[in-house]
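Heads up: the protein sequence lines correspond to chains A and B, in order. Just so it is clear: in the first sequence, position 105 is 104 by numbering that gives the first Met the number 0, and no numbers are missing. Just so it is clear: in the second sequence, position 151 is 150 by numbering that gives the first Met the number 0, and no numbers are missing.
Do not take every clue at face value.
Identical copies carry no separate label here, and so any pair may be met within one copy or between two of them.
The calculated lysine-lysine pairs, modelled on DSS-like cross-linking and capped at a C-alpha distance of 30 Å, are [claimed, not checked]:
#1 LYS242 to LYS283
#2 LYS79 to LYS283
#3 LYS78 to LYS242
#4 LYS31 to LYS201
#5 LYS214 to LYS25
No lab work stands behind these hints, which were simulated from the structure alone. As the structure is a computational prediction, the values presented were derived from the model and not from experiment.
Number of protein chains: 2
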Amino acid sequence: MPEPLFLGVDLGGTKIYTALANARGKILAEVKIPTEAGGGTQHVLRRIVQTVEQVSGQSGVNVRPAFLGIGAPGPTDSKKGIVHQASNLGWRDVPLKELLEEALGLPVVVANDANLAALGEHVFGAGQGVADLVYVTVSTGIGSGFILGGKLYSGASFGAGEVGHMTVDPDGPLCNCGNRGCLEAVASGSAMARRAREMVEKGRGQGILQAAGGKDQISAVSVSRAAAAGDREALAILAETGKWLGLGLAGVINLLNPALILLGGGAMQAGKPLWDAMEEEINKRALQALRRRVQLAPAGLGPRSGLMGAIALAIQSSEGKEETVFAFREG
Amino acid sequence: MPEPLFLGVDLGGTKIYTALANARGKILAEVKIPTEAGGGTQHVLRRIVQTVEQVSGQSGVNVRPAFLGIGAPGPTDSKKGIVHQASNLGWRDVPLKELLEEALGLPVVVANDANLAALGEHVFGAGQGVADLVYVTVSTGIGSGFILGGKLYSGASFGAGEVGHMTVDPDGPLCNCGNRGCLEAVASGSAMARRAREMVEKGRGQGILQAAGGKDQISAVSVSRAAAAGDREALAILAETGKWLGLGLAGVINLLNPALILLGGGAMQAGKPLWDAMEEEINKRALQALRRRVQLAPAGLGPRSGLMGAIALAIQSSEGKEETVFAFREG
Chain A
0 MPEPLFLGVD
10 LGGTKIYTAL
20 ANARGKILAE
30 VKIPTEAGGG
40 TQHVLRRIVQ
50 TVEQVSGQSG
60 VNVRPAFLGI
70 GAPGPTDSKK
80 GIVHQASNLG
90 WRDVPLKELL
100 EEALGLPVVV
110 ANDANLAALG
120 EHVFGAGQGV
130 ADLVYVTVST
140 GIGSGFILGG
150 KLYSGASFGA
160 GEVGHMTVDP
170 DGPLCNCGNR
180 GCLEAVASGS
190 AMARRAREMV
200 EKGRGQGILQ
210 AAGGKDQISA
220 VSVSRAAAAG
230 DREALAILAE
240 TGKWLGLGLA
250 GVINLLNPAL
260 ILLGGGAMQA
270 GKPLWDAMEE
280 EINKRALQAL
290 RRRVQLAPAG
300 LGPRSGLMGA
310 IALAIQSSEG
320 KEETVFAFRE
330 G
Chain B
0 MPEPLFLGVD
10 LGGTKIYTAL
20 ANARGKILAE
30 VKIPTEAGGG
40 TQHVLRRIVQ
50 TVEQVSGQSG
60 VNVRPAFLGI
70 GAPGPTDSKK
80 GIVHQASNLG
90 WRDVPLKELL
100 EEALGLPVVV
110 ANDANLAALG
120 EHVFGAGQGV
130 ADLVYVTVST
140 GIGSGFILGG
150 KLYSGASFGA
160 GEVGHMTVDP
170 DGPLCNCGNR
180 GCLEAVASGS
190 AMARRAREMV
200 EKGRGQGILQ
210 AAGGKDQISA
220 VSVSRAAAAG
230 DREALAILAE
240 TGKWLGLGLA
250 GVINLLNPAL
260 ILLGGGAMQA
270 GKPLWDAMEE
280 EINKRALQAL
290 RRRVQLAPAG
300 LGPRSGLMGA
310 IALAIQSSEG
320 KEETVFAFRE
330 G
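Chain A with its partners taken away, still in its complex shape:
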């Protein structure tokens, strides 16, 4: 009998990242294409199917995959297979499991992408063997996923992990969610870019402006680039961002007493100045006994945390082991 194969899809607002892997998580083929979310739900679905055909073709293996796991960027009901809300895709209550099963003739399991990234790190990455871990992604927004007691914890309605919407600055800037002072509003890549734009509008931040190549191109990347070149204003933005991130993570540590926090996402590439400010604030605000117990580390799978989580979910689902994946609720 040929070895069973599994498909993982990391569906994002800008790209679809798909891989074919074996039961040990070895990737046989992978492909990344633009999502083209503007084309509508049917268009995105066709593009997902296209990536599945591409990896199957590339791998040269003539075996029907046993299961497909897919991570979606928003609140997703794994039990019903519905993506409730994915703003980046313009989706509302899309029955992704049903639609993909029809299109592919394969069993499909869906979950939230940040939750899957935590699972990916736990099964294949830097969190192997760690029962209580938190994965945090800092990019345009801030999301997280929890492995608690050795299982993916997704809450009473698959919404756990919205660390980006913890209030950290009660009178702080407005967040997309409508609240003020969310962690995401002060510590995300978008927040870094906003601070830089505000500087430039006041006639400062010339180093950042130069790194960006123009006022409309200012992003978290331009801030990081200017900081790497020693620009003091860019370094100050990284330090402030790191401080807020540390304040939020100290709260997570005090609540959940994890053994490990893994950090991923683009904004973490800002490197040492952000990381140092973050650690300093955590040391100040987390209870000492809990701070001593927790390690902070970069995510081990880089841009593949979510993809490998989708594969892990597919593998575990095929084994009828959803219960080892999710801490399912009784009532």
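With chain A fixed as given, assemble chain B onto it according to the hints.
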């Protein structure tokens, strides 16, 4: 064969609350005596033994209890049976399990009191059948316990649930833990009393002063009493306290997506003015989908949440079911 009996002890800084119960949690006898923590560890141990003898005598049942569960007021390692830190008792690394097993000749299991209160509500109280619930106690300090995926979640080193030390006001008042702006520093009974004292020192708060009977007697109870009599300044303190509590709980909702939050502890007896302000702030700051999923309710067992949790732990431990109680960690 006679039915097996279980002992539960809620060990606090001011009182020892002990009960003898059957396997369905029916209390056959209970006793509450002052802890007399000032007398030292051996003295407190003797007093615990004394309560055990008292409930056994009172019950008139001549059956040796099968197991004793005990909740301690501080970080407690359930696996090793050690109370790491209990400031109210002046304890550091007290091997409570070993000491009590020697003194009583019974198997003993120890845990943190707020964690046990969550378990008590889950097994016998208002949280029955709810897999994902948070218990929060607001009194002198603020503590919490989590039932996640149907199990008590106590973290990588039995320290989970320190919601009182989440930063909610970055530049806020100093907390006992050394950090600034912890939830406990702005939303506990102690914080209510501090606000009232500050008012009185400025020549205001006369209604509260009257309810207290003297400046040195000002407490959360005097604030609640004055508020109940319609005192505007007391009502403002309750509203501010509730607002901070709501901000903290909104963070817990966004992180954990619980189905139920149960509130206990003395400060919750301040009633509607505090509760309304708390709910208003939660509605403002929790993500809508998660806010809709969660119910807020008073703890169902009142002052017995922790005691019943200790009994539940004893029952489950005697069944060799620690794994159904704790989400034990792998690594």
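Results of checking the hints against the structure:
no., hint, in the structure
1, LYS242 to LYS283, "both (10 Å within a copy, 25 Å between copies)"
2, LYS79 to LYS283, "between (42 Å within a copy, 29 Å between copies)"
3, LYS78 to LYS242, "neither (37 Å within a copy, 35 Å between copies)"
4, LYS31 to LYS201, "neither (40 Å within a copy, 66 Å between copies)"
5, LYS214 to LYS25, "neither (43 Å within a copy, 70 Å between copies)"
Hints 3, 4, 5 from the earlier list are contradicted by this structure; the remaining hints agree with it.
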